[in-house]
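*Asks:* Sequence:
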Amino acid sequence: MIDQDRYVLKVRTPHAPEAADERVRAALSAEGFGVLTEIDVTATLKAKLDVEVAPYRILGACKPSYAHQAIAIDPMIGGLLPCNVVVRAHPEGGSELIAIDPAAMMGLTGDAALEGIAGQVAEELTRALEVAAAQD
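In our numbering, the protein residues as written are 30 to 165.
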C-alpha cells in the first residue's frame with residue numbers, strides 16, 4: 030500500500046533493488062511513462078567521494094502527453110520535470126520505491142490547471158509503484 034509522506038509517494042517491497050528497478054521500469058512503461066534519465070547514486074558517490082552506500086538509483090520518468098500539457102500551460106514548468114522515482118535498498122531488507130508526489134510539485138505553481146494534471150499523474154504513478162512492489 031502506498032504511503033503518502035509529505036512530498037513523496039512511497040512503498041516498501043520485498044524485492045532486491047535490481048529486481049525492484051526492473052519491476053518499476055516495467056510498471057511505469059505499462060502506464061505510458063518512459064525513463065528519460067537515470068542516476069546511479071551508489072556508483073556516483075563511489076566514483077566521486079570513494080564512499081560505499083547501499084543501492085540507490087534515481088529514474089527520471091516522463092509521460093509525454095502530460096509533459097506537453099503542462100508545458101503548454103506554463104513553459105517554465107520544465108524545472109519541475111520529469112517525475113523522479115527512487116529505487117533504494119531498504120535498511121531492513123528488500124527495497125523502497127519513492128516517487129515525488131506530483132500534486133506537491135505542481136502545488137508550488139498555484140495553478141489549478143497544473144494541479145489537475147498532477148492528480149492524474151499521481152494516480153498513474155501510484156498504480157505503477159503498487160504493481161512494482163507487489164509480491165508474485
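Mixed in with the good hints there might be a few duds.
Unchecked claim - The calculated label-pair distances, taken between Cβ atoms and stated as ranges, are:
1. HIS97 with PRO120: 37 to 47 Å
2. GLY145 with PRO43: 33 to 43 Å
3. ARG156 with ILE100: 19 to 29 Å
4. ALA133 with ALA101: 33 to 43 Å
5. LYS77 with GLY139: 29 to 39 Å
By construction, these hints were calculated from the structure, which means they are not laboratory data.
Don't be surprised by glycine CBs; every beta carbon is placed ideally from N, CA and C.
*Asks:* If a hint holds in the structure, say so; if it doesn't, say that too.
*Replies:* Going down the list of hints, with the structure as the test:
Separated by about 39 Å at the C-beta atoms, HIS97 and PRO120 satisfy the suggested range of 37 to 47 Å. Taken as a hint, the range 33 to 43 Å holds for the pair GLY145 and PRO43, whose Cβ atoms sit roughly 35 Å apart. Distance hint check for ARG156 and ILE100: the Cβ-Cβ separation is about 24 Å, which falls inside the suggested range of 19 to 29 Å. Between ALA133 and ALA101 the beta carbon distance is about 21 Å. The supplied range of 33 to 43 Å is therefore violated.
Separation of LYS77 from GLY139 is about 37 Å and conforms to the stated range, judged on CB atoms against 29 to 39 Å.
Checked against the numbered hints given earlier, the structure breaks only hint 4 and satisfies all the rest.
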